[in-house]
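K.L.:
The opening residue of the sequence shown carries number 0 in numbering that gives the first Met the number 0; numbering runs sequentially from there.
Since the hints were made in silico from the structure, they are not lab data. Backbone N, C-alpha and C fix where the C-beta goes; we use that ideal spot for every residue, glycine too. One or more of the hints may lead you astray.
To be verified - Quick list of the computed label-pair ranges, beta carbon to beta carbon:
(1) V49 with R26: 12 to 22 Å
(2) P71 with I35: 19 to 29 Å
(3) D46 with G73: 41 to 51 Å
(4) I62 with D38: 24 to 34 Å
(5) F17 with E72: 30 to 40 Å
(6) K14 with L78: 12 to 22 Å
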Amino acid sequence: MCIRFIEGGCVYTNKEAFIEAFKELGRVVVLAIIPILIDALSAGRVDWRVVMVASALAGLRFIDKYLHELAPEGEAKGLTRF
């Protein structure tokens, strides 16, 4: 959802960027929880290292999406700047 236009580009407000980033975080968590649960159920225990790695990756995706949404059109976006 575009909030306002600047020189033909779309700029998000902080609230909208946060909402979009939170939706991305939700998508990553939903996709990551399935194999983690399958592994935990088959092994009979939870491997907390796997949970921590998945959490770190989800957190990085959240930060990347937030920075991507805040960047003006035509600029490098996200953590990796491309």
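K.L.:
All hints, please: hold or fail.
P.N.:
Going down the list of hints, with the structure as the test:
1. For V49 and R26, the Cβ-Cβ distance of about 19 Å falls inside the hinted range of 12 to 22 Å, so the restraint holds.
2. Between P71 and I35 the beta carbons are some 37 Å apart, a value that contradicts the proposed interval 19 to 29 Å.
3. Checked against the hint of 41 to 51 Å, the C-beta distance between D46 and G73 comes to roughly 43 Å, which is consistent with it.
4. Restraint check, I62 to D38: a C-beta distance of roughly 26 Å satisfies the suggested window 24 to 34 Å.
5. Take F17 and E72: their Cβ atoms lie about 19 Å apart, and the range 30 to 40 Å is violated.
6. The supplied range of 12 to 22 Å is met by K14 and L78, whose beta-carbon atoms lie about 21 Å from each other.
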